[in-house]
Amino acid sequence: MAAFLNDLIAYWPQILAGLKNTALLMVIMSATGFFGGIAAFYLSLSKSRAARTWTERYISFFIGTPLLVHLFLMYYGLPELGIHLSAFTVSVIGFTLNVSAYNARYLMTAYHGLEKTELEAARAQGFTHTEIFRFIILPQAIRLSVPSLTNQIIQNLKDTSVAFLIQYHDFFAQMQEIASTNFQFFKAYMTAGGVYLALVSIIVLAARKLERHISLPGFQT
Amino acid sequence: MALIEVRNLVKKFDDKDVLKGINLELHEGQSKVVMGASGCGKSTLLRCLNLLIQPTSGEIIFKGEDITRSGVDIRKVREDIGFVFQHFALYRHLTVEDNVTLGLRKLKKMKTKEAVEKALYELERVDMVDHRDKYPAQLSGGQKQRVAIVRALAMDPAVLFLDEPTSALDPKMSREVVTVINKLFLDNITMLCVTHDPFLAKYISDSIVFMDEGIVVAEDIAERLFYDHEDPRIREFFMSVIDHR
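Those protein sequences? They're chains B and R, same order as listed.
Under my numbering, the residue at position 204 of the first sequence is numbered 379, and the numbers go up by one with no gaps.
Under my numbering, the residue at position 234 of the second sequence is numbered 327, and the numbers go up by one with no gaps.
Don't read these hints as lab results, they were simulated from the structure.
Honestly, I wouldn't trust all of these hints.
[Claimed, not checked] With a Cα cut of at most 30 angstroms, we get these calculated DSSO-like pairs of lysine-lysine:
| no. | chain 1 | residue 1 | chain 2 | residue 2 |
| --- | --- | --- | --- | --- |
| 1 | R | Lys109 | B | Lys222 |
| 2 | B | Lys195 | B | Lys362 |
| 3 | R | Lys227 | R | Lys201 |
| 4 | R | Lys276 | R | Lys295 |
| 5 | R | Lys105 | B | Lys195 |
| 6 | R | Lys227 | R | Lys204 |
| 7 | R | Lys295 | R | Lys265 |
| 8 | B | Lys291 | R | Lys109 |
| 9 | R | Lys211 | R | Lys105 |
| 10 | B | Lys291 | R | Lys113 |
| 11 | B | Lys291 | R | Lys169 |
| 12 | R | Lys206 | R | Lys227 |
| 13 | R | Lys202 | B | Lys291 |
| 14 | R | Lys156 | R | Lys202 |
| 15 | R | Lys211 | R | Lys265 |
| 16 | R | Lys204 | B | Lys291 |
| 17 | B | Lys222 | R | Lys201 |
| 18 | B | Lys222 | R | Lys295 |
| 19 | R | Lys199 | B | Lys291 |
| 20 | R | Lys113 | R | Lys156 |
| 21 | R | Lys201 | R | Lys276 |
| 22 | R | Lys227 | R | Lys265 |
| 23 | R | Lys105 | B | Lys291 |
| 24 | R | Lys227 | B | Lys384 |
| 25 | B | Lys384 | R | Lys156 |
| 26 | B | Lys222 | R | Lys199 |
| 27 | R | Lys169 | R | Lys204 |
| 28 | B | Lys291 | B | Lys222 |
| 29 | R | Lys202 | B | Lys222 |
| 30 | R | Lys105 | B | Lys222 |
| 31 | B | Lys291 | R | Lys201 |
| 32 | R | Lys199 | R | Lys169 |
| 33 | R | Lys169 | R | Lys156 |
Next up, chain B with everything else stripped away, as it sits in the complex (with noise of 0.2 angstroms):
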C-alpha cells in the first residue's frame, strides 16, 4: 500500500492535469450540451417539417449509437478523408453532439407536460411563436427537467473516461498509466473510482441544491 502511495505522491502533478482535463471537457460538454438541447429543442418544435423531422433525425442517431463510435469514427475514421482532429477537439464536438440529443429528448418529455392551454393563451395574447418558446415553453421544460438534466451532467463526468481511448489525457487515463507502471490495477481502478465517486456526490449535492432554488409550487419535478 506504501507504495502505491508513493507512487500516487509521485505522478501527482500528472494525476492533477488528468483531473483538470476531466474536469474541463465535462464543463465544456455540458455547457455545449445544454446549449445544444435546447437548440434542438427548439427545432423539434419548429412549424417547419423538414426542420422537425431532420431534428429528430439527429436525435434518434445520436441515443441509438454508442458515443464510442462517433468518437473513434472522428478521430481515426476522418484522417482517411484527410481531416485531423485533436483528441480534445474530437471530445468537444462527440460529446456535444451525443449529450445535445439527450438533453433535447428530456426538454421534449417535459414539453409533453406543459398544459397546452397556456400556449394557446400565449398565442391569443399576441406572441410569436419564438416569443412563446423563450417565455412559456423554456422556463417550464427546463424546470421539468432538472432532474434529467442535472442526471446527464453525472453521466458527462462519467462519460470523459472514454475519451481516454483516442488518447485524452484524462483523469483515467493518468491512472491507467500509474496502474501500467507499478502493475497495482486494482488499488489504481479503486481510488478512480473512489474520485469518480466523490465528483458525483459533489455535483448531486449541487444539483439538488439547484432543484430546491428554482423549484415553484404546483411544479413536480
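Go by the hints and put chain R onto chain B.
Only chain R this time, still in chain B's reference frame:
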C-alpha cells in the same frame, strides 16, 4: 360601424361543418353572450374570431379591416382582443404579477416599473393585489380566473372574449367571477362571452345570441329568450339550463 362584424363565417373540420355561415355584429361598449347546446360551435366561433382557429370561409371585419385576408398582422389584432379561457390558462411558472406584466413588457414594450404599476392597478380592481407574489398553484379557481381576466384587461384590448369563464368553477367561485364580469359590463367594456350559465348570461349581456348546429338561431335580450320565445328549441334549451341550476 360595428367593432366586429362577422359575415357568413364557415368552419369545417374535415367533412364536419361546425360553423355554417355565422353573421354577427358587436358594437363598441356592447356585451353579447353566445349560448347553445354543447357542440353547437360556440367556442369554435370565439376561436375563429381571433384566428386561433382558421375559418374555412367568410369575413371577420375587426375595426374596419377583414382580418381573414392575407397580409394582416394577426399578432397585432390579437393584442387588441383579450381572451379569457375556461381553464384559466395562467402561466404556472410565473407569479400573479408576472402573469399580468409579461404581455405588457414583451408585447407593449412597457418598462418594468410602468408594467408593474399597471398590473397592480388592474389587480386592485379585482381585489387580487395581495396575491401578487403567489403562483397559480397557490390560488383558488375563482382567484385564477380573476387573474386571467386582469391579464387580458391589462393589455387595454378593444374587446374581451370570454370562453365559458365560470364553467370550471364551483358555485361560490363562480359568483365571485360573475361579480367581476358584471362590473366590467357596468363599465361598458366590450365583451363577447360564450357560456352555458344563464345566471352569468343575464348579468353581463345586452343581448344573447342563441346558436344551434353551427348557425345563429336567435338574438334577443335575456328575459325574452329565457322565458318567452316562440321557438320550441330555444324554450327547451333554456328550460333545461335554468332548471339545472
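Cross-check of the supplied hints:
1. Lys109(R) with Lys222(B): Holds, because 26 angstroms separates the two Cα atoms, which is no more than 30 angstroms.
2. Lys195(B) with Lys362(B): holds, 22 angstroms
3. Lys227(R) with Lys201(R): Between lysine 227(R) and lysine 201(R) the Cα gap is close to 24 angstroms, so the pair holds against 30 angstroms.
4. Lys276(R) with Lys295(R): holds, 13 angstroms
5. Lys105(R) with Lys195(B): violated, 63 angstroms
6. Lys227(R) with Lys204(R): Given pair lysine 227(R), lysine 204(R) holds - Cα atoms ~22 angstroms apart, limit 30 angstroms.
7. Lys295(R) with Lys265(R): holds, 17 angstroms
8. Lys291(B) with Lys109(R): holds, 24 angstroms
9. Lys211(R) with Lys105(R): Distance ~40 angstroms between lysine 211(R) and lysine 105(R) Cα, so the pair is violated.
10. Lys291(B) with Lys113(R): Given that 30 angstroms is the threshold and the Cα spacing comes to 28 angstroms, the pair holds.
11. Lys291(B) with Lys169(R): holds, 22 angstroms
12. Lys206(R) with Lys227(R): This hinted pair holds, its Cα atoms lying about 19 angstroms apart.
13. Lys202(R) with Lys291(B): Given that 30 angstroms is the threshold and the Cα spacing comes to 25 angstroms, the pair holds.
14. Lys156(R) with Lys202(R): holds, 23 angstroms
15. Lys211(R) with Lys265(R): This hinted pair holds, its Cα atoms lying about 28 angstroms apart.
16. Lys204(R) with Lys291(B): With a Cα-Cα distance of about 29 angstroms, the restraint between lysine 204(R) and lysine 291(B) holds, given a limit of 30 angstroms.
17. Lys222(B) with Lys201(R): holds, 25 angstroms
18. Lys222(B) with Lys295(R): violated, 42 angstroms
19. Lys199(R) with Lys291(B): Status holds; Cα separation ~20 angstroms.
20. Lys113(R) with Lys156(R): holds, 24 angstroms
21. Lys201(R) with Lys276(R): holds, 25 angstroms
22. Lys227(R) with Lys265(R): Cα-Cα ~21 angstroms, so holds.
23. Lys105(R) with Lys291(B): Satisfied, since the Cα-Cα distance of roughly 23 angstroms is no more than 30 angstroms.
24. Lys227(R) with Lys384(B): holds, 22 angstroms
25. Lys384(B) with Lys156(R): violated, 52 angstroms
26. Lys222(B) with Lys199(R): Holds. Lysine 222(B) to lysine 199(R) sits at ~22 angstroms (cutoff 30 angstroms).
27. Lys169(R) with Lys204(R): holds, 19 angstroms
28. Lys291(B) with Lys222(B): holds, 16 angstroms
29. Lys202(R) with Lys222(B): holds, 26 angstroms
30. Lys105(R) with Lys222(B): holds, 22 angstroms
31. Lys291(B) with Lys201(R): Since the Cα atoms of lysine 291(B) and lysine 201(R) sit roughly 24 angstroms apart, the hinted pair holds (cutoff 30 angstroms).
32. Lys199(R) with Lys169(R): holds, 13 angstroms
33. Lys169(R) with Lys156(R): holds, 12 angstroms
When each numbered hint is compared with the structure, violations occur for hints 5, 9, 18 and 25.
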